[in-house]
Each structure stands twice: as C-alpha cells, then as structure tokens.
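Chemist: Listed here are the chains, written in short residue letters.
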Amino acid sequence: MKEYIGVVVSFILAGGIAGAMVFLASWLGERKPSEVKLAPFECGKTPFSLPGGKLAVKFYLTAILFVLFDIELVFLYPWAVIYRTIGLTGLVEMGVFMGILIAGFVYAWDNGALEWQ
Amino acid sequence: MIGPDLADVKLLWPELILLTMSLGLILSASRIRKGLKASTATLVAGFASILVYRWPLVEGARAGFGDMIIIDNYSQFFKVLIASALILIVLLSARRVETDNVRAGEYYALLLLASIGMMLAVSSTDLIPLYLGLELTTICSYILVGTTVERRTSNEAATKYFLLSAFTSALLLYGIALIYGTTGSTSFDAVASFFSGTEGGNNKLILMAIGLVVAGLAFKIAAVPFHSWAPDAYEGASAPIAAFLATASKAAGLAVLGRICISAFSEESHLLSLILATMAALSIIVGSIIAISQTNIKRLLAYSSISHAGYALLGLLPGTAEGISATMTYVFIYVFMTLGAFGVVTALGRRGERIDGYEGLARQQPVTALLMLIFLLALTGIPPTGGFIAKFVVILSALNAGYFTLAVLAVACSVVSAFVYLRVAVLMYMKEPQMDEAPGYPIMISAVLLLSALVTVIGGILPSVLNFWEAVP
Numbered sequence: 001m002k003e004y005i006g007v008v009v010s011f012i013l014a015g016g017i018a019g020a021m022v023f024l025a026s027w028l029g030e031r032k033p034s035e036v037k038l039a040p041f042e043c044g045k046t047p048f049s050l051p052g053g054k055l056a057v058k059f060y061l062t063a064i065l066f067v068l069f070d071i072e073l074v075f076l077y078p079w080a081v082i083y084r085t086i087g088l089t090g091l092v093e094m095g096v097f098m099g100i101l102i103a104g105f106v107y108a109w110d111n112g113a114l115e116w117q
Numbered sequence: 001m002i003g004p005d006l007a008d009v010k011l012l013w014p015e016l017i018l019l020t021m022s023l024g025l026i027l028s029a030s031r032i033r034k035g036l037k038a039s040t041a042t043l044v045a046g047f048a049s050i051l052v053y054r055w056p057l058v059e060g061a062r063a064g065f066g067d068m069i070i071i072d073n074y075s076q077f078f079k080v081l082i083a084s085a086l087i088l089i090v091l092l093s094a095r096r097v098e099t100d101n102v103r104a105g106e107y108y109a110l111l112l113l114a115s116i117g118m119m120l121a122v123s124s125t126d127l128i129p130l131y132l133g134l135e136l137t138t139i140c141s142y143i144l145v146g147t148t149v150e151r152r153t154s155n156e157a158a159t160k161y162f163l164l165s166a167f168t169s170a171l172l173l174y175g176i177a178l179i180y181g182t183t184g185s186t187s188f189d190a191v192a193s194f195f196s197g198t199e200g201g202n203n204k205l206i207l208m209a210i211g212l213v214v215a216g217l218a219f220k221i222a223a224v225p226f227h228s229w230a231p232d233a234y235e236g237a238s239a240p241i242a243a244f245l246a247t248a249s250k251a252a253g254l255a256v257l258g259r260i261c262i263s264a265f266s267e268e269s270h271l272l273s274l275i276l277a278t279m280a281a282l283s284i285i286v287g288s289i290i291a292i293s294q295t296n297i298k299r300l301l302a303y304s305s306i307s308h309a310g311y312a313l314l315g316l317l318p319g320t321a322e323g324i325s326a327t328m329t330y331v332f333i334y335v336f337m338t339l340g341a342f343g344v345v346t347a348l349g350r351r352g353e354r355i356d357g358y359e360g361l362a363r364q365q366p367v368t369a370l371l372m373l374i375f376l377l378a379l380t381g382i383p384p385t386g387g388f389i390a391k392f393v394v395i396l397s398a399l400n401a402g403y404f405t406l407a408v409l410a411v412a413c414s415v416v417s418a419f420v421y422l423r424v425a426v427l428m429y430m431k432e433p434q435m436d437e438a439p440g441y442p443i444m445i446s447a448v449l450l451l452s453a454l455v456t457v458i459g460g461i462l463p464s465v466l467n468f469w470e471a472v473p
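Going line by line, the protein sequences match chains G and Y. Everything in the first sequence is counted per our numbering, starting at 1 for the first residue and increasing by one. Everything in the second sequence is counted per our numbering, starting at 1 for the first residue and increasing by one.
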C-alpha cells in the first residue's frame, strides 16, 4: 500500500487548496451582489430549463471536431515517448493513422462544418 | 522490435483496398452528385478485394500483428462471403440511393467501412481487435439505418438500435475486461491455455465473463433474448440496409462466435453449450412463432432471421470441427436466400413492404413471384432448395452431439415457420391482384435476384459443392 501514499497526499493537497480558496474568498472577499452574479454558474447557457428545448446542431459538430483532435493527441503522446524504439514502422503507422483522421477532418471542412452561420 | 512488422500489412491487402476506396469516397463526398459513380467505385473495390483473397489458402494459416490477426481458410471464407454480400447490397441499393435522396458518397463509404469492421472481426484471434472490428461495424450500421432522415420510422429505428447496441457493446467490453482480469490476457490462445490449466478456478467470475461476452455477440446475431432491436431496425431501415444487417452482419457475428467457441472457450464447453443451447432453443421458438402475426414483410423477415440465428447456433453446440463446418454451410446458404428475399422486397418498392402487397403478384410479375417462391421455400427448408441442406446439416450435428430434444424442437418449429413463409406464397399465387402493377426494377436488382436464386437452388441440388471448404479455425 506504500506506493499509494503519494496519491493520498495529492488528494489532500488538491482538496486543501481548493477548500482554502473557497474559504478565503468568502472570508476576505468583498460582496457586491448583482442578479447575474447570484445566478448559478454554467458556461453561457441557462442552467435550469425544461428539457425539450432546441440546441443548435452547430455545438454538436464543434464537439465532434474537438474529439477528433483530442483522440489524435491521446495517441500522439505515447507514440512520441517510444518513438526511438519503434522507429520507421511507428512513423509509417502514425502517418496512416493521421491520414485517416485528417481525411475525416477534410470531409467535415469540405461539407461546411466549420462555417458558423 | 516492439511494433508490428510492416510485412504484416500484406495480410490485410483486401481490407486496405476497401479502406482506400472508402476514404476516397469520404474525401470526394461533397462532389459526388450521381449515385452511380459511387456505387461503381464500391463495386470495383469489392471485386478487387475478392480477387486479392486467394482463397482457399495454399500456404496455410498466417498470423500477424502480434498474433492478433490470423489469416486462415475460416477467416477467408467469411471474408469472401461478406465481400459478396457487400457487392450484392450495393447492387440493391442503387435505386434507393437515387429516390430517397441519400448522399451517395457517405452511404457507400459507410457500407465499405462496416464491411472492413466485419472482416477484421472474423480474423481476430484477440479480444481487442475483435471488439474494435465489431464496433466499427455497428457504428456504421447505426448511421446506415438512419440514412433516410425524412422518414420518422427510420429515425426511430436508428435511435432504438443505437441505444440497445451501445448497451450490449458495453456488456461485451465488460466481459472482455473480466476475462482479462481472470486470465491476464486477451489473446484467444492464452485464455484457452489458462482455462485448461486451472481446476475450476474462480468459477463464478468465469461464468460471468463468458456470459457477458456471449451476450454481446448474441446481440450482433440477434439471438433471443438479445433480439428485440432487430424487427424495429429492419422495419425502419431501407430494405438493402436491412438485408445488410440480416446477412453480412449476422454472418460476421456467427463467425466470431464460432471462433471463440472453438478456441478461447473450448475448455469451458459444458458452460458454453448450456448458454448456446438455451439461446438456440429460444431463438427458434420465438422467431418462428412471433413471425406468424407479422403484417410487415421486413418485420417478418426479421423474425425469420432470428429463428435462423437459432438454427445456425445448433452447429456451434458440439464445439467440434464438424459442427462449425455445418454452421458455415448454414450461414452460406442463409446469406443468399435472405439477400434474395430482401431483394424482392427492394424490387417491389413501397408495395413490397406490406404483406398484402404480394396479393396476386404471380399474375402481374410471374418471374419475380417465382423467385420469391424459391427464397420462401429455401427459408422454410423444403428439399429442392439449399435451405433444406442447411437445416439438415445443423440439425444432424446437434443430433450427433446428443441434443435430441433440441433437434426435435428445431424440426417442429420448422413446420410452424412453413405456415409463415407459405402464407406469403399463397397470397402471391392464389389471390386476385388488389394493387396496381408495381413498376419494373433495374437490371442490377434482377442480377441480385437471379444470382441469389442460383446459389440457393444449386446448394440444394448439388449439396456436395458446399463441402469444398475444410476451413475450421
């Protein structure tokens, strides 16, 4: 179990720092409440609404494109770490992988996924 | 050397051809206006991949990619079958793509990608590429089921299929995780040698792992109790896509199940055959009986495909090479007779969807009615057709393995299903036409119907040609 002490320490540190920030902000901070400030925080949209409202499909497209690049990065990192051991084979395989991903991106671009009207 | 050898790429030439073509279609999708160009391109890729297969293999089985992919006669048989089904489905799709306003580039690219997924799955000897292959197939299938966006039933079918399938994919993955947890490997050989080494081991965990993996695969072949998606998905999808799900997808699922039964789980055969026998019995009963009350022909064929999955599972019960080869014969005949039946549905267009659309068809389109009769007789399993041979070999293999009750049940349900199929035949031949004559259909659809009928009939008259593969994993 010894090797998990580091994990426990990082949990405590993370919790402590986050807790201290919340506590210090509420203790030291000056309060000038306004309607917007009192509303629950949610990235740009109304936090509570009845389901069934319409959501523009543009957000979905952007999210998909984000996932595309995200996956690319997820695989690029471990590849970069062992690049020297796998050599040319690895380079070719990564090229194939990137080629397929980029084909998807070109398709999305070509069909107007990046145009925000 | 850590990474796989580049020479392994040679093992997957056929898949690479299909992949290149599908990427080409994706890249030029916005510029493809005529569906015909895209379908021709897909056909060329399909034929090229079949030519490259070199089947049967002369030099014996070859493994590659860190022993995750194997190329043997078993995998080549199913790959050629999947590629043939792909070609026939592309031929069937041509008219629907034009009339339903489907974007041709994406449609054919997804068909190609789904086929590549199946081909990878049937040649995997490791649970990870197997899962990846099946996922590639199902993710493409969700979109294909929902391609006709304007039709509400199509959207409903795609949503239902997606939700249920995503759930069972999670089950499959969980089963794979448990197998890795108990055996420490995902490779079929390593799993099998672990099972043969342990005396009992952690029985409950093994039972759960095998149960989950088999459940995930049973969903792909729509065996009861994992069948509920099939009627809705087939009804909502356009007829060629329903045919794709019913034939290629099911063949791939059975191939994977067969390989897993005979390699990875062969030491647990008592457990496995109990699960498979239950599923086979339930599929045969439920599929045959519920089909009686269907009025939509695609739903009827869906229930028929469920009962056929049950029959095909009979061959996997003994866990022997003869059993697997019986299932291979069954799948081969099943693919062509089902493709033929769905081909007739496609050919008749809107009229072909409902069962009363077949009233008096023999008077209006005698050739189409005759071909449909052949497929219906084959699906029932009546002697001059290949359907009889197919049912005969699987029931025989179940009998040889000592499943007497199950064999009797299979024969009894065959009689029940005769009522289902022959009802359509009676409508075609003994009723007066109620509807206007359906418009003619293009030569591509006729080619599919004739080819399927030819294979179905030859399989019945000369059953010895069906034994030309001796290709068990």
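Hints are computed from structural coordinates only; laboratory data are not their basis. Computed from a predicted model, the values in this text were never measured in an experiment. Don't be surprised by glycine CBs; every beta carbon is placed ideally from N, CA and C. A hint or two may mislead.
Each computed DSSO-like pair below joins lysine-lysine, with the alpha-carbon atoms no more than 30 Å apart [unchecked claim]:
hint, chain 1, residue 1, chain 2, residue 2
1, G, LYS32, G, LYS58
2, Y, LYS10, Y, LYS37
3, Y, LYS10, G, LYS58
4, G, LYS58, Y, LYS34
5, G, LYS37, G, LYS54
6, G, LYS54, Y, LYS37
Beta-carbon label-pair distances, calculated as ranges [said to hold, decoys possible]:
hint, chain 1, residue 1, chain 2, residue 2, range
7, Y, THR405, G, LYS2, 57 to 65 Å
8, Y, ASN155, G, ALA63, 14 to 22 Å
9, G, ARG31, Y, ARG152, 21 to 29 Å
10, Y, VAL426, G, THR62, 52 to 60 Å
11, G, PHE97, Y, ASP67, 51 to 59 Å
12, Y, SER28, G, GLU35, 30 to 38 Å
13, G, GLU115, Y, ARG354, 48 to 56 Å
Chemist: Indicate, hint by hint, whether the structure satisfies it.
Modeler: Against the structure, the hints come out as follows:
1. For a cut-off of 30 Å, the pair hint linking LYS32/G to LYS58/G is broken: about 36 Å separates their Cα positions.
2. Distance check on the hinted pair: LYS10/Y and LYS37/Y sit about 28 Å apart at the alpha-carbon level, within 30 Å; holds.
3. Using a Cα cut-off of 30 Å, the hinted pair LYS10/Y and LYS58/G is violated, with the two alpha carbons roughly 41 Å apart.
4. Between LYS58/G and LYS34/Y, the direct Cα distance comes to roughly 28 Å. Compliance with the 30 Å bound is thereby established for this hinted pair.
5. Of the pairs offered as hints, the one joining LYS37/G and LYS54/G holds, with about 26 Å between alpha carbons and a cut-off of 30 Å not exceeded.
6. For the hint pairing LYS54/G with LYS37/Y, the CA-to-CA distance comes to about 37 Å; that exceeds 30 Å, so the pair is violated.
7. Between THR405/Y and LYS2/G the CB atoms are about 59 Å apart, so this pair conforms to the stated range of 57 to 65 Å.
8. In this structure, ASN155/Y and ALA63/G meet the distance hint of 14 to 22 Å, their C-beta atoms being roughly 21 Å apart.
9. Under the hint 21 to 29 Å, the C-beta atoms of ARG31/G and ARG152/Y, about 53 Å apart, miss the expected range.
10. In this structure the hint that VAL426/Y and THR62/G lie 52 to 60 Å apart at CB holds, the actual value being about 56 Å.
11. The beta-carbon spacing between PHE97/G and ASP67/Y, approximately 21 Å, falls outside the hinted interval of 51 to 59 Å.
12. Restraint check, SER28/Y to GLU35/G: a C-beta distance of roughly 53 Å breaks the suggested window 30 to 38 Å.
13. A hinted range of 48 to 56 Å is violated for the C-beta pair GLU115/G and ARG354/Y, which are about 43 Å apart.
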